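> Residue strings, one per chain:
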Amino acid sequence: MDAFARRVLDALPNTIYTIDLDGSITSVNQAWSRFAESNGAPHLALESDVRGRPIWAMIGDAAAREQVERAIVLLRSGRVDAMSWEFPCDSPTERRTFLLQVAPLREGHTVTGFVLSTIDITPSHRAREALIDMGTALSRTIELDRVYHEVSQLLRRAIPYDGFALALVDEETGEMHAAHSAGYDDHPDELEHRLAPRWLEAMAEGRVVVHTTPVHAIEITAPMQSRTGVLGAMTLQSDSIESPQRLQEAERVLAAIAGQTAVAIERASLVRRVEEKGRLEAIGEVAAGIAHELRNPLFGISSAAQLLRFRAREDPVVDRNVGRILREVERLNGMVTDLLEYGRPRPLALAPGNPDEIWDEVLESNRGLLEMRSLALRRVRAEWHGLPNWEIDAERIAQVFINVLVNAVHAAPAESELTLTSSILPTGGWRCTLHNGGTAIPPDALARVFELFFSAKQGGTGIGLALCHRIVDEHGGSIAIESTPEAGTTVTITIPSEEMAERQQATAGR
Amino acid sequence: MPKSVLIIEDENSIREALIELFDATDTAVRSAASLPDALHLLSRQAFHLIVTDIRLGAQADGGLQVMGAAGLLSPEAVVIALTAYPDADNRFASQRLGATYFLEKPADLLRIASLASRHGVSTALMPGVRDAE
Chain X
1 MDAFARRVLD ALPNTIYTID LDGSITSVNQ AWSRFAESNG APHLALESDV
51 RGRPIWAMIG DAAAREQVER AIVLLRSGRV DAMSWEFPCD SPTERRTFLL
101 QVAPLREGHT VTGFVLSTID ITPSHRAREA LIDMGTALSR TIELDRVYHE
151 VSQLLRRAIP YDGFALALVD EETGEMHAAH SAGYDDHPDE LEHRLAPRWL
201 EAMAEGRVVV HTTPVHAIEI TAPMQSRTGV LGAMTLQSDS IESPQRLQEA
251 ERVLAAIAGQ TAVAIERASL VRRVEEKGRL EAIGEVAAGI AHELRNPLFG
301 ISSAAQLLRF RAREDPVVDR NVGRILREVE RLNGMVTDLL EYGRPRPLAL
351 APGNPDEIWD EVLESNRGLL EMRSLALRRV RAEWHGLPNW EIDAERIAQV
401 FINVLVNAVH AAPAESELTL TSSILPTGGW RCTLHNGGTA IPPDALARVF
451 ELFFSAKQGG TGIGLALCHR IVDEHGGSIA IESTPEAGTT VTITIPSEEM
501 AERQQATAGR
Chain A
1 MPKSVLIIED ENSIREALIE LFDATDTAVR SAASLPDALH LLSRQAFHLI
51 VTDIRLGAQA DGGLQVMGAA GLLSPEAVVI ALTAYPDADN RFASQRLGAT
101 YFLEKPADLL RIASLASRHG VSTALMPGVR DAE
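Chains as they are written, first to last, in the working numbering: chain X, 1 to 510; chain A, 1 to 133.
Bear in mind the hints are in silico, worked out from the structure with no lab data behind them. Any given hint could turn out to be false.
Claimed, not checked - Here are some, though not all, of the chain X residues that point toward chain A, as calculated from beta-carbon distances under 7 Å:
#	residue
1	ILE290
2	HIS292
3	GLY300
4	GLN306
5	LEU307
6	ASN333
Remember, it's a predicted structure, so these values are computed and weren't measured experimentally. All C-beta atoms in this analysis are idealised placements derived from N, C-alpha and C, irrespective of residue type, glycine included.
The task is simple: from the sequences and hints, build the whole structure.
Listed below in structure tokens is the structure:
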């Protein structure tokens with residue numbers, strides 16, 4: 001063998017060895033020697049140790065040996081030019097997968113021997129397996145937290161990482177929020193702040209982007225693209241990616257995983273929405289049924305009380321007590337009416353409209369409510385001059401606004417000021433916040449304020465806010481309450497732009 | 001001649017309260033708790049005022065059937081429909097079948113009394129309508 005060819009063979013990272021037609025080793029390269037050393041067979045490391053020895057002695061397991069023999073027969077026949085297959089080849093410390101390639105050596109048309117080459121493909125093999133496992137795991141997963149968990153677990157198998165973060169775009173504000181992170185030491189806010197430019201870059205470019213951190217770790221960021229759009233991005237930090245090939249592979253794997261994750265997240269959100277809707281519908285149905293049945297006994301009670309009042313009209317004690325009965329009947333009937341409203345499966349009558357104009361009407365017709373408690377209302381109105389960009393059922397949105405207004409008025413200290421602020425979000429959505437400086441809602445109650453029949457308010461039925469939540473939800477929007485002793489209580493209502501609402505519909509209807 | 005009133009209501013306490021409401025010297029009250037009883041009474045005499053529940057027992061439209069029959073048998077009668085199910089369908093059907101008033105339960109007895117007096121029917125709460133006329 002000429003010296004140059006020899007140097008080439010020795011320079012290759014693959015383990016390369018040649019055999020003659022009988023299977024005796026004729027040469028090995030330096031990668032062979034290194035491989036033998038590291039695998040605990042230093043007596044086979046040197047070419048002089050192994051030359052002339054049968055290759056079969058080096059292949060322990062019968063199945064592998066058979067595979068090589070079959071390949072040799074096939075290659076010798078000239079029907080195929082080369083053969084390759086993957087095989088497990090565990091070291092004492094690690095599970096590994098190797099790729100074996102066999103090709104004939106020819107002199108003229110005659111096959112005189114074979115060249116075998118093996119290379120460790122454990123990382124890409126592992127990545128491929130992890131990808132398949134992840135596909136299987138995610139296809140079953142319908143809970144968001146579970147999706148994050150599976151992704152960060154399986155990703156670790158595919159690409160050993162030091163840090164992993166997954167961020168979602170807030171559909172309303174367009175801001176990025178880290179939904180999950182693992183391995184990073186940074187404070188969540190700092191991490192979000194540092195990685196946000198990477199996420200935005202990957203999302204804008206629609207492809208994987210790679211950065212190097214100040215401490216020379218590599219950070220790979222892939223956009224999470226689903227059928228309906230880009231949901232967010234994920235970043236992986238690793239300082240064990242040592243070659244350009246490994247990096248390329250990591251990029252490919254992360255891109256594939258990001259895609260799978262996006263689909264899984266979308267499905268999980270959809271399932272959650274559908275489940276929530278089903279639950280609310282069932283509650284509504286039961287509520288409406290009970291409400292109707294309550295109206296008959298209420299009528300019986302009020303009629304009897306009215307007749308009693310009439311029969312004993314000279315008796316002030318009877319009169320006073322009948323008054324109490326009738327007031328309670330009225331209160332119960334108010335609850336029944338609310339319940340019926342809640343349970344009534346009435347489709348929205350959507351039309352383009354500006355929610356601020358609905359606030360105008362609600363405030364106008366409820367001025368007395370504020371005056372009764374000597375409250376002032378400061379209004380900061382969204383700048384909007386075009387045609388309404390929102391599809392709303394004006395009557396029902398008015399119902400929501402009245403409800404939150406009444407709550408705010410009741411909670412506010414007398415003679416204080418309420419603040420109503422509306423704004424247009426970057427996504428075209430409309431948002432308002434109604435703030436009052438009243439006593440804070442306790443945290444445990446705050447978490448439940450939108451539940452049906454939950455009320456933290458004296459004499460409350462626990463229907464009003466549940467109904468508000470339903471109506472806003474039916475508009476594809478959201479309603480939230482924040483409350484702290486320092487800042488008071490703020491209700492935030494968001495109505496998506498027509499376009500966003502349609503996109504949500506399209507997703508839900510798929 | 002006293003004014004004749006027919007009360008159709010399957011809930012005993014409500015029916016009894018309504019009977020008591022119309023307990024006035026110049027008012028004659030008959031009552032029924034079911035659709036067949038109501039139809040039977042309607043076939044025997046004409047009424048000035050009919051107060052009927054819409055849902056009668058298992059029949060969600062029992063009261064509507066009463067109104068239909070009353071249209072033939074007591075065409076002059078003023079009909080007050082009472083219901084715990086005040087949906088648009090019931091309201092619309094009641095109007096078409098000739099109900100003059102459509103009240104949601106729980107209704108105010110005083111309101112029923114004043115509607116009755118508007119049509120010359122005395123009640124315990126508003127006796128002596130004739131004198132007021």
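> Quick one, is the X:ILE290 hint okay against chain A at 7 Å, beta carbons?
violated, 11 Å
> Go through the hint on X:HIS292 and say holds or violated, using the shortest Cβ distance to chain A against 7 Å.
Holds - the Cβ of X:HIS292 comes within 7 Å of chain A, reaching about 5 Å at its closest.
> Does the closest beta carbon of chain A sit nearer than 7 Å to the beta carbon of X:ASN333?
holds, 6 Å
> Against chain A, with CB atoms and a cut of 7 Å, does the hint on X:GLY300 hold up?
holds, 4 Å
> Was the hint right that X:GLN306 lines chain A, CB cutoff 7 Å?
holds, 4 Å
> Given X:LEU307 as an interface hint, is its Cβ closer than 7 Å to any Cβ of chain A?
Because about 5 Å separates X:LEU307 from the closest Cβ in chain A, which is inside the 7 Å limit, the hint holds.
When held up to the earlier numbered hints, the structure conflicts with hint 1 and nothing else.
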